[in-house]
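Colleague: Single-letter residue listing:
2 protein chains.
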Amino acid sequence: MRPGLVIPFRRESAPATPAEVRPLDRWLGRHLQGTLAPVHVGLRLWDDGPAGECREPIGELVVGDRRTLVGLIVHPELYFGETYTSGRLHVRGELGRVVEALSRIRTPSTPSLIERLGLWLTPANSERAARRNIHHHYDLSNDFYQRWLDPDLVYTCACYPHPGATLEEAQAQKLDLVCRKLGLRPGETVVEAGCGWGALALYMARHYGARVKAFNISTEQLAFARERAVRERLTDRVEFIEDDYRSITGRFDVFVSVGMLEHVGRRRLDAMARVLRRTIDPHRGRGLLHFIGRDHPRLLNAWIRRRIFPGGYAPSLAEVIARVLEPADLSVLDVENLRLHYARTLSDWRARFSAAEPEVARHFGEAFCRAWRLYLAGSEASFTTGWLQLFQVVFAPAGGTAIHWLRPSHAGPARSARAAV
Amino acid sequence: MRPGLVIPFRRESAPATPAEVRPLDRWLGRHLQGTLAPVHVGLRLWDDGPAGECREPIGELVVGDRRTLVGLIVHPELYFGETYTSGRLHVRGELGRVVEALSRIRTPSTPSLIERLGLWLTPANSERAARRNIHHHYDLSNDFYQRWLDPDLVYTCACYPHPGATLEEAQAQKLDLVCRKLGLRPGETVVEAGCGWGALALYMARHYGARVKAFNISTEQLAFARERAVRERLTDRVEFIEDDYRSITGRFDVFVSVGMLEHVGRRRLDAMARVLRRTIDPHRGRGLLHFIGRDHPRLLNAWIRRRIFPGGYAPSLAEVIARVLEPADLSVLDVENLRLHYARTLSDWRARFSAAEPEVARHFGEAFCRAWRLYLAGSEASFTTGWLQLFQVVFAPAGGTAIHWLRPSHAGPARSARAAV
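Residue numbers (the numbering used here), protein chains in the order written: chain A, -19 to 401; chain B, -19 to 401.
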């Protein structure tokens, strides 16, 4: 899953002469400040007066009008994003720190009954809806992403070999880690579901001699990936195909999907199971899913679903095992949770995005910039505080023989010791 | 889970004058040979004549009488073990190879409706039943286990640092791997649920300076473990407690359980969830479960349940995550499947058991020896062919900070780089 183009916002600004602050507003403000005070976030109303008591605030929310105040009380998950984007809510202090503090108001524990009901009401992603959702995200402009991603345009969690590593080093490490976890060998066939700008497919062909078929439904990304394959003379080994993951046919030694499962949706996990069952070679095959996940089944943040990832769903690890891998008779070999690495990746993206903001604002406007700033800061906070997880799961057909005798080390080169059962 | 004393067998031998082989017997024999032929196992009836055609047999089953033949057709899972133990079924060829071939008749795919119904009919393990089951297994005689386990009496899957490693090296590697995966530090408190003969608890205290409370309900094992703690002057850091895992109270930095979850039973996974929730420190705590698991929820082999592990259940990975970790608000950090290492461990145990057989037979009789020989060979085959898995799962409270920045390598020393979120 990678952030993408948001649905265009209605441009709004705070009214020129804000309404008077009435006693009811003060009462609501005190109530809201009571919720925020334990995480040290202050609150001010539109007269710029403090809404209540807050000791040692690390930052402040400044509410621009009554509608914003009510929205933040009634449905904070949605209206924080909506009003921050439209400029009716201001954040004083470092946005990342404030958003992280807000994520700590609740701990990511067992979902409430209402949250669980919400799960049942999410619609399924048809191929058409998937295409619409993906176009919204990824077909804005390659130029936009080039301004703040690494040069390979890897738009998923990196893996930092040491805390001082750069984003470029960490993305290269991640690509190689995926290949090593899969035990990829020269001449093997790979199918990739959701290939982004093609970095992993090209890496597998270049460094491991694999033959890769890479699927994607984002036209812009594919154009970039194909051009790169031509430039790097890898067209004989990498084929980029514009089609839905559900259209994948044929048998492969390796199935890989990095940051795409989140776009499948909760109601279509069975479709992914069918794809895995028919594409992975039953004897020597294996696969890897890299995805944003959860500790419990719960919907994505309401604002993120509305503005950033329509149709998106970050599944729990148990859901992926029970609903994708078990029905496909696949055995889990290895799971790694890289959530701290995603927090760090997002921190690096945020710094670069921040530097690119003037340019981005010129092209897409202030509201777009604010939405993206919040989206990146909120995602970083979610990985830091444990609301989101990043799982890499390696699997193979039950009883298959292509399994590692020893887990490939992170740091070292690919181990060749493999056991033939 | 560790094998243990089987329930005493009725001693039986083949009747002195076996009945005549009738046309119906031949017909049934041909039917059974038809099932065995694809995996190259031959079949002979009690007149020592081949029951049907089998090309290039790797071994042969010799059926001693009609009852055995019918049993093998009606309920092979149960009666193979029953009749092999009583001597009414002989195996010609290497037992391990033959049993492995038989495990390949079916692949470990999605359970049938009948298998799933069986899951619902298993009774729950009360504390009293647990005590009875565990005494049956582990309170026979420490001397028996000392004849064929490593000197530390580690009765769970080892981890071989390289294919040529000895059992002793691999068990030491496993104990250290558990400590490294947990990032254990001096002075930290550990609770161990099901400590066997105490090897891990003593290792953690000796090599990592941890303070360990270790629970077990096997009297014989505890006597051994306590004596060893006194001899090694570790009584100030390790306390062995004779009590059920459900009685664990207090908060600890680390929860660990190696080879015990299989004794909890499917209907008591929620009890384990409650123990985890109340014992792991919500901020700096973490835990590790090491258990025999499955790709799908299914009962243990019927003979194993009857003779070797009454009350035992090897849960699927998804069951453990959804029914033990999720309700306790624990986040999965790392999963490793070591099934090939358990196959290798069992192969090493088998070789040692084989050498000890004359002694064991003198003490416990021939039937006991045959049952154990089959139990060890069958387990090795199950891990080799993927009917059984061995999972090590590391977890921490959702949003907790005691999580590794980088996965500790298998081979190297403990990494100290840890991230404070």
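A few of these clues could be false.
Stated by the list, open to error - Listed next, with one range per pair, are the computed distances between beta-carbon atoms:
no. : chain 1 : residue 1 : chain 2 : residue 2 : range
1   : A       : GLU74     : B       : ARG257    : 26 to 36 Å
2   : B       : THR87     : A       : SER106    : 52 to 62 Å
3   : B       : GLY32     : A       : ARG231    : 53 to 63 Å
4   : A       : ARG231    : B       : HIS55     : 35 to 45 Å
5   : A       : ARG257    : B       : ARG72     : 52 to 62 Å
6   : A       : HIS263    : B       : LEU97     : 30 to 40 Å
7   : B       : PRO30     : A       : GLU107    : 37 to 47 Å
Derived by calculation from the structure, the hints in this document are not laboratory data. In this text, a Cβ means the ideal position worked out from N, Cα and C, and glycines have one as well.
Colleague: All the hints need checking, so say for each whether the structure fits it.
Modeller: Verification of the hints:
Checked against the hint of 26 to 36 Å, the pair GLU74 of chain A and ARG257 of chain B passes, with Cβ atoms roughly 34 Å apart. Checked against the hint of 52 to 62 Å, the pair THR87 of chain B and SER106 of chain A fails, with Cβ atoms roughly 33 Å apart. Between GLY32 of chain B and ARG231 of chain A the Cβ separation comes to about 34 Å, which falls outside the hinted range of 53 to 63 Å. The given range of 35 to 45 Å is respected by ARG231 of chain A and HIS55 of chain B, whose C-beta atoms sit roughly 36 Å from each other.
Roughly 39 Å separates the CB atoms of ARG257 of chain A and ARG72 of chain B, a value that falls outside the hinted 52 to 62 Å. Taking 30 to 40 Å as the suggested C-beta distance range, the pair HIS263 of chain A and LEU97 of chain B conforms, at roughly 31 Å. Take PRO30 of chain B and GLU107 of chain A: their Cβ atoms lie about 57 Å apart, and the range 37 to 47 Å is violated.
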